[in-house]
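Trainee: Use these hints to put chain B onto chain P, whose structure you have.
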Amino acid sequence: MKKTALPSVLLAIGALLLPACHKKQAREIRIDLHLDAPLSKPDAPLLPREITQLLQPLECPAGPNALVLLTVYRHDFDPPRTETVNVAANGINALRQSLNMMAFEHHLAEYERNASSFPNQPILSTPSPKDRPGAGLEGAGTLQQEGFTFICCEPGNQSSSASYRIVGNFDELRTQLQDSLCAAAGTYYNILYRPVAANRPDLPTIGTQGAVPSSELEAFFNKIGDKEVDPEKRLVQLRQHLDLFAPNAYVKEIGEAGTISEPVPLLEYLEKIALYRSLENIYVIEALKNDQGQYWEIRLKEHHSHKGI
Amino acid sequence: MYHRILTWTCLWLLSATPPAAAQTELSVEELQDYAARARNLITVFLENIPEIASGLKPKDFREAAARTTLKLFAANAYIQEKNKFSERTKTWKPEDYLNELTKRSEKAPVLIDFEIIDDLTPDKMTMKKNKDGSVSYFGKMVFRQYYCILKEPGAFQEPTETNPDLNCQYSDTTEKEVNFELTLQESITGKFWVTKIASIDVLRVF
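Heads up: the sequence lines are chains P and B, in that order. Sequential numbering from 1 applies to the first sequence in this note's numbering. Sequential numbering from 1001 applies to the second sequence in this note's numbering.
Chain B extracted, bound-state conformation:
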């Protein structure tokens, strides 16, 4: 009888043990690795977008660039855009955004340039505990996007220092915040911390 009670007590206690799925937090060194990966993601984004938008490259090239860029984003990610003359901020799925940019560049080439003004560092990454006991990390960086829709080639003029955007039929500068997420994901190849862009939000347009 004592033996049976002991057995059931053991089983109860063992099954009450916290699940092994509870994750340990990442060290500063590991976060440095993932911050570097996040920076690499945004570098790829900032390098590919001008190529897709300029309309100078053939379609298969722009498709390859769009394909590579799309892989930088999380499943539910979004990208925001805002016109300086509009109050409305438009939110795009990354796939739709890239398709639209590819199509638009065929009609009117768009010159886009970027400048990172607030970089991501490991100390800026914050941890969030999820309901299932797992943890995720989040980080932010800010860049400026210089946007110019070119005039028809026949209307081109020599840009001046005071008006470098002379050949743009529309131009603006948008300050954007990139949000990264770092989550532990499981695939057929094992469990990996995956860094993705969760969103690109408009901060201000001028």
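Same shape as in the complex, but just chain P:
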């Protein structure tokens, strides 16, 4: 009788104590990170590696620690998805991970433009541009260092630009977070991550001005994938037109259900389609341009007639 009762008792204690842990022993520090530009450097993860590194040393040597809840809002296009940050599983990070307090939520930037295409998906919430943190700061000037700009602000005072703290690099941001973590009560940071314009991925064009029309890009992909042309010739053609793309361009496959494959270098993808024998057509669904009129993301759809399928 006693043996069967024991597990129920332990579970009940757990349920009673866990809320107490949250409230009394572990404060919560919430960081909302807004990614305001495409992240498409070849060696860049979907999230800036610096941010995940930033979280690792966030531990108070003395006194109570805090749980970090980091939510990432992507303002460039990406299907919504959640990721868990990998940090060294020691100290407070083990607890954070075990509580799933390091989940990244990606939000769809294009939601506002395509709201009708994505009904009933509450995860797809994106603040309007004027409500984004740092929206009123452009006139005040921002620090641009190491290719990044951080505009760090605390909510509640967002209407006043004086409350924004601009930090120029990750070290400064780390110091601020560490101070907050170890000193005061729960804190909420809004961080705008914006690579400087010079670091935006470029897509060199054939002409001297303006970008290649997307129809021309579509024609290029179809030429490379044309099953009626000898693959040998297609491989030669693609190498002649590689200057259409930035050397660090990459491709990620997105499935119908929104699954994403690991990004692969563009050349690898082009070589694959140059060898295709079953490709009917490639469509350019969307071609997004940056302020310089150059494409930073091109969305394609392949249509195949598979042999034997």
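Read the hints as simulated data drawn from the structure, not as lab findings. A few of these clues could be false.
[As the list claims (entries may be wrong)] Okay, derived cross-link-like pairs now, DMTMM-like style, lysine to aspartate or glutamate, Cα gap no bigger than 20 Å in a straight line:
{"hint": "1", "chain 1": "B", "residue 1": "K1128", "chain 2": "B", "residue 2": "E1186"}
{"hint": "2", "chain 1": "P", "residue 1": "K227", "chain 2": "B", "residue 2": "D1113"}
{"hint": "3", "chain 1": "P", "residue 1": "K233", "chain 2": "B", "residue 2": "D1060"}
{"hint": "4", "chain 1": "P", "residue 1": "K301", "chain 2": "P", "residue 2": "E280"}
{"hint": "5", "chain 1": "B", "residue 1": "K1196", "chain 2": "B", "residue 2": "E1029"}
{"hint": "6", "chain 1": "B", "residue 1": "K1057", "chain 2": "P", "residue 2": "E228"}
{"hint": "7", "chain 1": "P", "residue 1": "K252", "chain 2": "B", "residue 2": "E1186"}
{"hint": "8", "chain 1": "B", "residue 1": "K1151", "chain 2": "B", "residue 2": "D1113"}
{"hint": "9", "chain 1": "B", "residue 1": "K1191", "chain 2": "P", "residue 2": "D243"}
{"hint": "10", "chain 1": "P", "residue 1": "K301", "chain 2": "B", "residue 2": "E1100"}
{"hint": "11", "chain 1": "P", "residue 1": "K227", "chain 2": "B", "residue 2": "E1115"}
{"hint": "12", "chain 1": "B", "residue 1": "K1084", "chain 2": "B", "residue 2": "E1029"}
{"hint": "13", "chain 1": "B", "residue 1": "K1124", "chain 2": "B", "residue 2": "E1175"}
{"hint": "14", "chain 1": "P", "residue 1": "K233", "chain 2": "P", "residue 2": "E253"}
{"hint": "15", "chain 1": "P", "residue 1": "K223", "chain 2": "P", "residue 2": "E280"}
{"hint": "16", "chain 1": "P", "residue 1": "K223", "chain 2": "P", "residue 2": "E302"}
{"hint": "17", "chain 1": "P", "residue 1": "K252", "chain 2": "B", "residue 2": "E1030"}
{"hint": "18", "chain 1": "B", "residue 1": "K1082", "chain 2": "B", "residue 2": "E1186"}
{"hint": "19", "chain 1": "B", "residue 1": "K1196", "chain 2": "P", "residue 2": "E286"}
{"hint": "20", "chain 1": "B", "residue 1": "K1059", "chain 2": "P", "residue 2": "E268"}
{"hint": "21", "chain 1": "B", "residue 1": "K1084", "chain 2": "B", "residue 2": "E1177"}
{"hint": "22", "chain 1": "B", "residue 1": "K1196", "chain 2": "P", "residue 2": "E262"}
{"hint": "23", "chain 1": "B", "residue 1": "K1071", "chain 2": "P", "residue 2": "E268"}
{"hint": "24", "chain 1": "B", "residue 1": "K1128", "chain 2": "B", "residue 2": "E1025"}
{"hint": "25", "chain 1": "P", "residue 1": "K223", "chain 2": "P", "residue 2": "E262"}
{"hint": "26", "chain 1": "B", "residue 1": "K1103", "chain 2": "B", "residue 2": "D1060"}
{"hint": "27", "chain 1": "B", "residue 1": "K1191", "chain 2": "P", "residue 2": "E256"}
{"hint": "28", "chain 1": "B", "residue 1": "K1191", "chain 2": "P", "residue 2": "E253"}
{"hint": "29", "chain 1": "B", "residue 1": "K1057", "chain 2": "P", "residue 2": "D226"}
{"hint": "30", "chain 1": "B", "residue 1": "K1196", "chain 2": "B", "residue 2": "E1186"}
{"hint": "31", "chain 1": "P", "residue 1": "K301", "chain 2": "B", "residue 2": "E1030"}
Mentor: Leaving out everything else, chain B in the frame of chain P:
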């Protein structure tokens, strides 16, 4: 004292919480995506192998085709081949298989054709729970491989309906099973479900 006990109990309970690494299973819609990717892998394989084996293309082309084909396979993948006159099934690493095929085609062109006879569908994908709490998925498809080593050009004859393999010094048909694996992998760009060919096994030769 009570406070200290409460703290340690909290920490024990928190660290006893199941790791966040435990994955959620894939939905049917997601499995459909990955099944489509698996089909794409085998399509690339079936399209590239004849090009590599025919020996008609220049070396740099065949190398590009081999390079693309090799990326379809998992790290420990293998490919089996069996001669219809032999009891022995030979197992190759994909890299060695592609190299051998490239070399052999320089000596005697090999004509290879394929036909998929049992396609992969999401309902055929099975889930396996790994020791670390993660999950992997596996799927299979079957194809027929028509194989012909050509005679010397001087010995060519007009093939007939009853003997279409007249110009082959050796020919066979092998039924092969392709095994796919779908695993969650981590790289510098994040965590992704990766679809690869785990093996190509010989079922029968005739």
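Trainee: Measure nothing beyond the straight line between the CA atoms of K1084(B) and E1029(B); if it is 20 Å or shorter, mark the hint as holding.
Mentor: Not OK: K1084(B) and E1029(B) at ~41 Å, beyond 20 Å, violated.
Trainee: Assess, step by step, whether the Cα of K227(P) is no farther than 20 Å from the Cα of D1113(B), and give holds or violated.
Mentor: Roughly 17 Å between the alpha carbons, so the hint for K227(P) and D1113(B) holds.
Trainee: Within 20 Å, alpha carbon to alpha carbon, are K1124(B) and E1175(B)?
Mentor: Measuring from Cα to Cα gives roughly 19 Å; hence the hint holds.
Trainee: Between K252(P) and E1030(B), does the CA-CA distance stay at or below 20 Å?
Mentor: holds, 16 Å
Trainee: Is the Cα-Cα distance between K233(P) and E253(P) 20 Å or less?
Mentor: violated, 25 Å
Trainee: With the threshold set at 20 Å, check whether the alpha-carbon distance from K1057(B) to E228(P) stays at or below it.
Mentor: holds, 16 Å
Trainee: Are the Cα atoms of K252(P) and E1186(B) separated by 20 Å or less?
Mentor: At roughly 15 Å apart (the allowed maximum being 20 Å), E1186(B) and K252(P) satisfy the hint.
Trainee: Tell me if the straight-line CA distance from K1191(B) to E256(P) falls inside 20 Å.
Mentor: holds, 19 Å
Trainee: Measure nothing beyond the straight line between the CA atoms of K1196(B) and E286(P); if it is 20 Å or shorter, mark the hint as holding.
Mentor: violated, 29 Å
Trainee: Sort out whether E1186(B) lies within 20 Å of K1082(B), counting only the CA atoms.
Mentor: violated, 36 Å
Trainee: Are the Cα positions of K1071(B) and E268(P) separated by 20 Å at most?
Mentor: holds, 10 Å
Trainee: With the threshold set at 20 Å, check whether the alpha-carbon distance from K1057(B) to D226(P) stays at or below it.
Mentor: holds, 18 Å
Against the hints set out earlier in the document, violations occur for numbers 9, 10, 12, 14, 18, 19, 25.
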